[in-house]
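Colleague: Join the two chains into one complex using the hints; note that each chain is given alone, in its own frame.
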Amino acid sequence: MLQFLLRRLGMVIPTFIGVSLFTFALIYLIPGDPITIMGGERGFGPEQRAELEAMLGLDKPIWQQYFIYLGNVLQGDLGTSYVTRQPVMSEFMSLFPATIELTVCAAIFAVITGLTLGILAAIKRGGLLDHTVMTISLTGYSMPIFWWALLLILLFSVNLGWTPVSGRLDVMFWVDEVTGFMLIDTLLSDEDGAFISALSHLVLPSIVLGTIPMAVIARMTRSSMLEVLGEDYIRTARAKGLSKRRIIVKHALRNALIPVITVMGLQVGLLLSGAILTETIFAWPGIGKWLIESIGRRDYPVVQGGLLLIATIIILVNLLVDLMYGVVNPRVRHSK
Amino acid sequence: MTETDKSLLVVNNLSVAFGTKDNPFKAVDRVSFHVEQGEVLGIVGESGSGKSVSSLALMGLIDFPGRVTADELRFKTTDLQTLNEKARRKITGDEISMIFQDPMTSLNPSYTVGNQIMEAIEVHQGGSKKERQAKAIDLLRQVGIPAPESRINNYPHQLSGGMSQRVMIAMAIACDPKLLIADEPTTALDVTIQAQIIELLLKLQREKQMGLMLITHDLALVAEAADRVVVMYAGQIVETGPASDIFKAPKHPYTQALMNSLPESSEGKDRLNALPGVVPGANDRPQGCLLNPRCPYVTDRCRAEEPEQYGPRGRQVKCFYPLDEAGRPTV
Ligand SMILES: Nc1ncnc2c1ncn2[C@@H]1O[C@H](COP(=O)(O)OP(=O)(O)OP(=O)(O)O)[C@@H](O)[C@H]1O
Ligand code: SF4
Ligand SMILES: [Mg+2]
Numbered sequence: 001m002l003q004f005l006l007r008r009l010g011m012v013i014p015t016f017i018g019v020s021l022f023t024f025a026l027i028y029l030i031p032g033d034p035i036t037i038m039g040g041e042r043g044f045g046p047e048q049r050a051e052l053e054a055m056l057g058l059d060k061p062i063w064q065q066y067f068i069y070l071g072n073v074l075q076g077d078l079g080t081s082y083v084t085r086q087p088v089m090s091e092f093m094s095l096f097p098a099t100i101e102l103t104v105c106a107a108i109f110a111v112i113t114g115l116t117l118g119i120l121a122a123i124k125r126g127g128l129l130d131h132t133v134m135t136i137s138l139t140g141y142s143m144p145i146f147w148w149a150l151l152l153i154l155l156f157s158v159n160l161g162w163t164p165v166s167g168r169l170d171v172m173f174w175v176d177e178v179t180g181f182m183l184i185d186t187l188l189s190d191e192d193g194a195f196i197s198a199l200s201h202l203v204l205p206s207i208v209l210g211t212i213p214m215a216v217i218a219r220m221t222r223s224s225m226l227e228v229l230g231e232d233y234i235r236t237a238r239a240k241g242l243s244k245r246r247i248i249v250k251h252a253l254r255n256a257l258i259p260v261i262t263v264m265g266l267q268v269g270l271l272l273s274g275a276i277l278t279e280t281i282f283a284w285p286g287i288g289k290w291l292i293e294s295i296g297r298r299d300y301p302v303v304q305g306g307l308l309l310i311a312t313i314i315i316l317v318n319l320l321v322d323l324m325y326g327v328v329n330p331r332v333r334h335s336k
Numbered sequence: 001m002t003e004t005d006k007s008l009l010v011v012n013n014l015s016v017a018f019g020t021k022d023n024p025f026k027a028v029d030r031v032s033f034h035v036e037q038g039e040v041l042g043i044v045g046e047s048g049s050g051k052s053v054s055s056l057a058l059m060g061l062i063d064f065p066g067r068v069t070a071d072e073l074r075f076k077t078t079d080l081q082t083l084n085e086k087a088r089r090k091i092t093g094d095e096i097s098m099i100f101q102d103p104m105t106s107l108n109p110s111y112t113v114g115n116q117i118m119e120a121i122e123v124h125q126g127g128s129k130k131e132r133q134a135k136a137i138d139l140l141r142q143v144g145i146p147a148p149e150s151r152i153n154n155y156p157h158q159l160s161g162g163m164s165q166r167v168m169i170a171m172a173i174a175c176d177p178k179l180l181i182a183d184e185p186t187t188a189l190d191v192t193i194q195a196q197i198i199e200l201l202l203k204l205q206r207e208k209q210m211g212l213m214l215i216t217h218d219l220a221l222v223a224e225a226a227d228r229v230v231v232m233y234a235g236q237i238v239e240t241g242p243a244s245d246i247f248k249a250p251k252h253p254y255t256q257a258l259m260n261s262l263p264e265s266s267e268g269k270d271r272l273n274a275l276p277g278v279v280p281g282a283n284d285r286p287q288g289c290l291l292n293p294r295c296p297y298v299t300d301r302c303r304a305e306e307p308e309q310y311g312p313r314g315r316q317v318k319c320f321y322p323l324d325e326a327g328r329p330t331v
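Those protein sequences? They're chains Z and L, same order as listed. Each step along the first sequence adds one to the number in the numbering used here, with nothing skipped, and position 199 is 199. Each step along the second sequence adds one to the number in the numbering used here, with nothing skipped, and position 142 is 142.
With the rest of the complex left out, here is chain L (with noise of 0.2 Å):
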């Protein structure tokens, strides 16, 4: 699938950079990527590759010093470049809407759930208290919290974390979004909990038809949720595609890593150590391919110079020697 003029989201060429002028450091990079309505796309990426950066520059919310730019921003028929702050505030919250990593620290603690709920709808959509309540016992209902009559009034440390990351949810389908971005949703929760909130958000997304980018360091999730992957490294797209080509046939080395240590062996789903060292920070960018300290494909050339996105469009890779089919290096 490819981006249209009917595309939800279109990000071309989207870079985030922290640091000074002279000394730059781009956590995300020339990014790429189109949501359709009614789609799932997943991204998946260890820990620092910029997955965070991403989603909150589509927020507009990346502060001072960061830098965001872009070739092109566009929300339905929305540039959001060249928005100015009110006009973009009166789409954030409405018809994109974010939630994130730790339920327990995304709620203000002096306020009731009801009231941040409602806080949401008054923003966006006005309607008498009376009217914003009962939306909200509505939507604390939709998110499966029990007795919502009651929990619209309990303040956010009086809910566990499944149940704070359910009205967050709900805050963020107050307003009938057509975007969800969703920041490793569950990362935070009990392990029981997880599956809980990811069905939720599924069966949110299908019944509303909303698009939803769903981030995670879960390949597992992505493979069962996602219609189609991005795949981030080192504020970079390393390869996109269909989610089931990509679980069949990985093309990019760190992919396959990723893949490989996907436990089937199960234990550490939010610990993705793909391969040996980290994801490279602000002061240790290799030159070249940035994964080639870490790559067991590694040649000369991968040291010297950058590869391109190779590839058809919605199906592309960013190394020199693309996996075959067998998962073999392509010389």
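Excised from the complex, chain Z in its bound form (with noise of 0.2 Å):
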């Protein structure tokens, strides 16, 4: 087990890499240099732009800028934001858990639900329930993120008046940030019916955001629930005289899960990229809303350090994927 999680950490350093220096080539990629853009409208006379350059270290040769952009990085320092001056760091902190609020909930959605469905769809096989299943994860996959929130919007929002339409609470409330979890600091206030207002703020964006995911995941726990209900092994158990949800639950289940495992953490990739709509849509104040906006002010640094860290963020949970993986696959585990 100890060489299985060398060998995984191993392959998370080169991937870093690779994105540090997508990261890094941005810059250099868009149009238009750096210094220009922090001038806007009024410009650089040529003095003041030698001084910036040598001040942001832009004179020095690409290979020796890149090794002090990853020492930066490395050190926690994804420089500041051309507009408000602030560490990318400390205004990316600020902001993520709003962001892993929203996304944990709908991964919690989406898991549940498509885990749920996938294996209803499995047992009843060729039924009403199983045709019902695989027409809404087909319809959940199809349909894009923006149209399905508006339609949630207008039936539970507009029409029935269910849930609110933005943002992470009611304004009657006052909260005090402790957490910087909403769910968490409402139970921690003293505000009554702050919780609920958090919780139904979370309602529509969670589902829209875990729709996709959620339907990925029904179809594959599908198919490899009926892969796994046709092995050998399904037999032997039944022919042990095992009940019908011992077998199910013990001896497919488990073993269904493990492509099912995989594919959760491709959708962790998904679920980040599809909150960087999702916040916008609904006003949710996250890292989606910030980069989004800040790709709209050109605010390069913080593009920059926001793709980084999503993009470490994802690669940390592939791992940790990849390490469940090796827990629930003994195949895997022992392999040299």
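Any given hint might turn out to be false.
Straight-line Cα separation of at most 30 Å, DSBU-like style, residue types lysine-lysine; simulated pairs [as the list claims (entries may be wrong)]:
id, chain 1, residue 1, chain 2, residue 2
1, Z, 250, L, 129
2, Z, 124, L, 21
3, Z, 244, L, 90
4, L, 86, L, 178
5, L, 248, L, 6
Don't read these hints as lab results, they were simulated from the structure.
Modeller: Shown next as structure tokens:
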């Protein structure tokens, strides 16, 4: 297991270097140079420009610049926003909890509904339930997020008035920021009803964001379950006189989950990228909205740093998924 | 020997149909046999003759859209057909158990062998975890696995084919079954291992006085190990009788052909190529006697009519012209 762990960790480092190279190069890939952008409409004179270049290290050879950049990044220094003059890292940290809260809720929704629907569809293969689930997941998969969000808002917020349209919390509440997670902070505060308000703000965005992963997980679970249910060892389990429930939960699900977990890991990237759009639609104050606005404002350090951080998170989550894979699958754990 | 009230298992006109109601395919067609306590019943036939489907039907493991019908399916005094699912499960894996052709895929890759053996004990006999573990270790020892105390923590992928089949056997005998069905237990194994596994099965069968249904392609093995033999072709039984009688003087042309293909000339033990052609599948079953396209003694009558089972109880043959002592068709 230790060897397996080290091997996986060894693969993370080159990936991270690749990503950092890309975000570093981003500055050179986009039209216009950073100084011009910083100067905005007014622009800089040649002297000011040279001074700034020296200050930002832009006069050094590119490879040196990269190593300086990498060094800074490793120390947690991602530069300063052109717009707010705040360190990118601290802006990110203050907004990230909102995004985590949204993605985690979306992931919980996707995993629970996806697994349940997939398992039920596989058990009732060919039945009405199976067809319904397959139709739902196909629709869910091909539904553009934007359209789906509007549909849900129209139905639940506008027509039924069950859920709020945007934001994280009703304006009537004032909640101190302790953890940055609204669900937790509202519980810690003494505002009555704030928790419910936070929760109701989360419902629609989570469903919208979780729909595609939910559809993917449901389909994958179904097909994986069906495959496993046809395996010889399921016949063995039945020949032992085990109950249906035990066969499905212990013997089938455990094995069927192995490919599903991989798929779930891949969905994390999708969730984080989907969060960008979802946050924009629901005016959710997280890093997605922040990144989109920064692109509009040409705040390159923010774009650069934000992308690097998101990519790093995706890498780490995939690492975690790999490790989980090793835990559920003894063949992986033992392989050299 | 014929069936009695004391018979361990009595099967009367068992049929299993697949396909649609209008166009059914009888994978097993009116099969009757019985197994006595402490007896080895050999079942032989080429691939596709319905051996596995019959045994799965006995275990209650035929799924929709497969349809199982029988005049009688009796285990000891229990009518298997009227049992509800729960009562049926109570017998399966406890009093009747089964081992399969491919041991490597028949064990669950995600659990240790100990876990899988202990599960069988847990479901049918209960007991503390400690007792179950001790029992599992003892079972592994009985099936000849060295160092069972450590093997119990192995995952299936850490075992060879022969070892896996030993584990399957340990699991099958965990609850002291009265009837063990072994469906081609050695086909997937190395030739050198095959004999060891058969020897082990027969030893356990004698020690525990189990009824053993030994399904195989290997006629030589059946001749040696079985008390009685059932020969199947295309879902039907074509000949039954005591092993010694059948091997001395087969009465059915198909049995004769199987024996002629017996490799005193040795290779191809598990590929019975008795007669030209293959067992007819779902869409090419002929009229009349199912063997007629391949039978050397075929007549027009065989193409038009299906023969009945002829002969005394316990020594029957399904052919219009059963062979005489010299192996010639009687007319
Ligand atoms: N689930 C099923 N659906 C439809 N047809 C089936 C099914 N299972 C088996 N059959 C058919 O029933 C026939 C008998 O199959 P069976 O597996 O019992 O043969 P067998 O005698 O065990 O052969 P082998 O020696 O290859 O194991 C075959 O023609 C097979 O294709
Ligand atoms: S009935 Fe005819 S075709 Fe069938 S086995 Fe006998 S001789 Fe051959
Ligand atoms: Mg078979």
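Colleague: Please go over all the hints and tell whether each is borne out by the structure.
Modeller: Against the structure, the hints:
{"no.": "1", "hint": "Z:250 <-> L:129", "result": "holds (18 Å)"}
{"no.": "2", "hint": "Z:124 <-> L:21", "result": "holds (21 Å)"}
{"no.": "3", "hint": "Z:244 <-> L:90", "result": "holds (13 Å)"}
{"no.": "4", "hint": "L:86 <-> L:178", "result": "holds (19 Å)"}
{"no.": "5", "hint": "L:248 <-> L:6", "result": "holds (29 Å)"}
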